[in-house]
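Chemist: Residue-level listing of the chains:
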Amino acid sequence: MRDEQKGWKDIPIAGVCWKPATEYHTGDWRTFKPVRDQAKCTKCLLCPMICPDTAIKWNKATEDIEFDYNFCKGCGICAHECPVDAIKMVREGA
Amino acid sequence: MKAGQQETRAMNGDEAVAYAVKQSDVDVVAAYPITPQTIIVERFSEYVADGKVKTEFVCTESEHSALSACVAASATGARTFTASASAGLALMHEILYVTSGCRAPVVMAIANRALSAPINIHCDHSDSMAERDSSWVQIYVENSQEAYDSIIQAFRIAEHPDLLLPVMVCLDAFFLSHTLENVKVLPDEAVREFVGNRQLPLITNHNGEKVPFKLDPDNPITMGPLDLFDYYFEHKRQQEEAMQKAAQIITETHNAYSQLTGRRYGNGLVDSYRLEDAEIATVCVGSTAGTTKTVVDQLRAKGVKAGLLRLRNFRPLPVRDIKEALENISAIAVMDRSNSFGGYGGPIFHELRHVLYDTSSHPYVVDYIYGLGGRDMPQNIIKGIYKDLMEIVETKSVKEYVQFAGVR
Amino acid sequence: MVATISWKFTAREIAEKPELFTSGHRACAGCGPAIALRQIMKATRGPTIVTNATGCMEVVSTIYPYTAWKVPWIHTAFENAAANASGIEAALKAMKRKRRLKQEKVDVIAFAGDGGTFDIGIQALSGAAERGHDFLYVLYDNEAYMNTGIQRSGGTPHGASTTTSPGGTDIPGKTQMKKPIADIMVAHEIPYVATASIAYWQDLLIKARKGLEAEGPAFLHVFAPCPRGWRYDTSKTIELARLAVETCIFPLWEAIDSEYSLSPQSKIMTLKPERRKDVREYLKMQRRFGHLFKPKFEHVLTDIQKIIDKRWNKLLKKCSMT
Chain A
1 MRDEQKGWKD IPIAGVCWKP ATEYHTGDWR TFKPVRDQAK CTKCLLCPMI CPDTAIKWNK
61 ATEDIEFDYN FCKGCGICAH ECPVDAIKMV REGA
Chain B
95 MKAGQQETRA MNGDEAVAYA VKQSDVDVVA AYPITPQTII VERFSEYVAD GKVKTEFVCT
155 ESEHSALSAC VAASATGART FTASASAGLA LMHEILYVTS GCRAPVVMAI ANRALSAPIN
215 IHCDHSDSMA ERDSSWVQIY VENSQEAYDS IIQAFRIAEH PDLLLPVMVC LDAFFLSHTL
275 ENVKVLPDEA VREFVGNRQL PLITNHNGEK VPFKLDPDNP ITMGPLDLFD YYFEHKRQQE
335 EAMQKAAQII TETHNAYSQL TGRRYGNGLV DSYRLEDAEI ATVCVGSTAG TTKTVVDQLR
395 AKGVKAGLLR LRNFRPLPVR DIKEALENIS AIAVMDRSNS FGGYGGPIFH ELRHVLYDTS
455 SHPYVVDYIY GLGGRDMPQN IIKGIYKDLM EIVETKSVKE YVQFAGVR
Chain C
503 MVATISWKFT AREIAEKPEL FTSGHRACAG CGPAIALRQI MKATRGPTIV TNATGCMEVV
563 STIYPYTAWK VPWIHTAFEN AAANASGIEA ALKAMKRKRR LKQEKVDVIA FAGDGGTFDI
623 GIQALSGAAE RGHDFLYVLY DNEAYMNTGI QRSGGTPHGA STTTSPGGTD IPGKTQMKKP
683 IADIMVAHEI PYVATASIAY WQDLLIKARK GLEAEGPAFL HVFAPCPRGW RYDTSKTIEL
743 ARLAVETCIF PLWEAIDSEY SLSPQSKIMT LKPERRKDVR EYLKMQRRFG HLFKPKFEHV
803 LTDIQKIIDK RWNKLLKKCS MT
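Protein chains in written order, with the numbering used here: chain A, 1 to 94; chain B, 95 to 502; chain C, 503 to 824.
In case anyone wonders, no lab produced these hints; they're calculated from the structure.
Some hints could be false.
[Stated by the list, open to error] Straight-line Cα separation of at most 25 Å, PhoX-like style, residue types lysine-lysine; simulated pairs:
#	chain 1	residue 1	chain 2	residue 2
1	A	LYS9	B	LYS339
2	B	LYS304	B	LYS387
3	C	LYS607	B	LYS148
4	B	LYS148	B	LYS278
5	B	LYS148	C	LYS595
6	A	LYS19	A	LYS40
7	B	LYS481	B	LYS417
8	A	LYS19	B	LYS387
9	C	LYS598	B	LYS308
10	C	LYS798	C	LYS816
11	C	LYS820	A	LYS43
12	C	LYS510	A	LYS57
13	A	LYS19	B	LYS308
14	A	LYS9	B	LYS278
15	C	LYS820	C	LYS779
16	A	LYS6	B	LYS308
17	A	LYS9	B	LYS304
18	A	LYS43	C	LYS519
19	C	LYS812	C	LYS681
20	B	LYS148	C	LYS604
21	C	LYS607	B	LYS308
22	B	LYS387	A	LYS6
23	B	LYS304	C	LYS681
24	A	LYS60	C	LYS808
25	A	LYS57	C	LYS519
26	C	LYS808	C	LYS798
27	B	LYS477	A	LYS6
28	C	LYS519	C	LYS595
29	B	LYS278	B	LYS308
30	B	LYS308	C	LYS600
31	C	LYS519	A	LYS19
32	A	LYS9	A	LYS19
33	C	LYS796	C	LYS816
34	A	LYS9	B	LYS387
35	A	LYS6	B	LYS417
36	B	LYS308	C	LYS769
37	B	LYS146	C	LYS798
38	B	LYS148	C	LYS600
Put together the whole structure using the sequences plus the hints.
Modeler: Right, dumping it as structure tokens:
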């Protein structure tokens, strides 16, 4: 990060942001990872609605949901709320 | 446009300000009433009520909200104006820094009034002097004509793409705010043309696109983020850079306006009076300069080489102009209409003496705190100050560097 | 005053709608307010400008130089979200009048937490409501000053332990009650006021949309649990939000032109009282209430139930349900 730091002449005025947050990955905060059982999943789309981090996305092309582990912080809300128990939280690296 | 096309109207300082705002094609006025600024918002409300302006007038529940609304409106691309004084300005304190930090070119009129306690509605400069570090341009006017002229100039100064900082136009409570004077006003179209449209420079947003610097759903930008030790300092450095450019923008604007109206206030930054060959001089801001000029004329008639330097701008401080105007003066008295309690004199004294420190002539510089809470500054007190200066020159010594003038 | 609802939010429609509040924000894992913001931004109907009070959501979404916002967004201070919204709305109005606005209509949303709403921001909020600016004010309520480290606010409930109302040996956490902020906003006689919960996303989206469609000020009070401040496992955020409704500690209702009506999730508690859950079930899941389960402070549990019952009965009367 340090090498990216710019001087006052090179940044927009007034503190206007110049990077999208999507370039900042929060996935490495995670200790538990949600893993979906595709056989159980009914694609009810509850989990994308209640994910605080937009880390569960609906892929229109494949008609399926996708976990974005670049951003998933591993809170476990999706697994806890899944009405058909299709998501399990698994320890990272286990 | 010729000065001849101007119309003379009897107006007090507040009315002159309101009239200038009316003519400046302002989009949003958000304000809260406080004596002695009230007439500004009252008159402006009348313009709104009578359909004379297309401005959206937001009569807020506090000064804090008034300035907050102005910052947000300005960020949305609107030309904005507010007015306040004393406690109202103090309540805005937090948002004054936000305004400049957001680079919102808000224009504000301040009817300079003493700060409580005890509560006092009359003139001194303790309110705006307390905000001198807030990164606002500060213009102090001498009379209602200058109040009118300065408000019009202020929009063009604040919105200049190289500046984008808020401007405060300060007029003395009651002495100016409530006193009727003949004020020459320009035709509406002339003012409209002079202030122009709000300019929005392009800025790089989070998508790497160059977009207009405003909150626009078609070209989103994020303003006012959390800015920590890695970039906050750089943003403050940018503000100082803008302030350093302000002097030139102010003089250019002042010159352009002078061509239109035939009126000049020195070079727009400082206004010298009979200083060319002066040996002794006073320095002040605001309406006291008027009385002082009379005293200077009387002294000159008696052969005393007296002069006056009125600072029109206190922020940015016109360092070069102060040096040029005063370096050949033997003894200088600063007249401060506010005090820095426990400091060494008032705020103007601090800065003036500091500026003159590295001149080769090393003039004597003394300070007089005067006029707190609206206490009058009559000619005889000002004469006394010049008399003290003459004594300093004669004896080559200073008895007291900081004194209080007009206190019992 | 509120337009007829001719649309429905289906899960599919919402899932396919672009994210205006994106990934990469740095809210804690399991953050309730982040869910609230995501969901509300899915309810927008067109060009929108957002202003945010100082607080968790402001901080986590815009750590310079990054921004999680795809809409124009401004933060200026803590106590002035409603004043900012007033200024934005006034600017839009003036520019529209002067034919300088490209868009036909731009919606304005102000987000603020409980500190920025119940406490330091109530003056600006009340002023903006009285002046009748057309904007949606969203209170995301996590019941304390979480951004500064879990200090009590006017939104903290009775008995909760915070860092400035700690559950001690003598004092059982916050001794005062939660301020009825949404009722205070109804008393302003603004066109739309509602309470909502992140546990019921469809209800929340519909209410947010109604608030945007209302002509004039709208106030949405969203219940948004905070795992860090309430001290529960991060996976339980939605469960707690649901329990708050099921125990009637946070009922869902709306007031259109000051006419109260219970939302279905709370209405069911009157139609089928057996569905109503014991508040202890809700409280015991959170360590901020842990001290109340010691014998010395058990009476506080009774007090909490009394407060809930009193407020619930009052609400039923307002909703003409008694």
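Chemist: If a hint holds in the structure, say so; if it does not, say that too.
Modeler: Cross-check of the supplied hints:
no., hint, result
1, LYS9/A <-> LYS339/B, "holds, 14 Å"
2, LYS304/B <-> LYS387/B, "violated, 51 Å"
3, LYS607/C <-> LYS148/B, "holds, 18 Å"
4, LYS148/B <-> LYS278/B, "holds, 24 Å"
5, LYS148/B <-> LYS595/C, "holds, 10 Å"
6, LYS19/A <-> LYS40/A, "violated, 38 Å"
7, LYS481/B <-> LYS417/B, "holds, 23 Å"
8, LYS19/A <-> LYS387/B, "violated, 56 Å"
9, LYS598/C <-> LYS308/B, "holds, 15 Å"
10, LYS798/C <-> LYS816/C, "violated, 30 Å"
11, LYS820/C <-> LYS43/A, "violated, 40 Å"
12, LYS510/C <-> LYS57/A, "holds, 21 Å"
13, LYS19/A <-> LYS308/B, "holds, 17 Å"
14, LYS9/A <-> LYS278/B, "violated, 43 Å"
15, LYS820/C <-> LYS779/C, "holds, 22 Å"
16, LYS6/A <-> LYS308/B, "holds, 23 Å"
17, LYS9/A <-> LYS304/B, "holds, 16 Å"
18, LYS43/A <-> LYS519/C, "holds, 17 Å"
19, LYS812/C <-> LYS681/C, "holds, 14 Å"
20, LYS148/B <-> LYS604/C, "holds, 18 Å"
21, LYS607/C <-> LYS308/B, "holds, 17 Å"
22, LYS387/B <-> LYS6/A, "violated, 51 Å"
23, LYS304/B <-> LYS681/C, "violated, 45 Å"
24, LYS60/A <-> LYS808/C, "violated, 49 Å"
25, LYS57/A <-> LYS519/C, "holds, 11 Å"
26, LYS808/C <-> LYS798/C, "holds, 18 Å"
27, LYS477/B <-> LYS6/A, "violated, 56 Å"
28, LYS519/C <-> LYS595/C, "violated, 28 Å"
29, LYS278/B <-> LYS308/B, "violated, 35 Å"
30, LYS308/B <-> LYS600/C, "holds, 17 Å"
31, LYS519/C <-> LYS19/A, "holds, 22 Å"
32, LYS9/A <-> LYS19/A, "holds, 17 Å"
33, LYS796/C <-> LYS816/C, "violated, 30 Å"
34, LYS9/A <-> LYS387/B, "violated, 44 Å"
35, LYS6/A <-> LYS417/B, "violated, 36 Å"
36, LYS308/B <-> LYS769/C, "violated, 45 Å"
37, LYS146/B <-> LYS798/C, "violated, 69 Å"
38, LYS148/B <-> LYS600/C, "holds, 7 Å"
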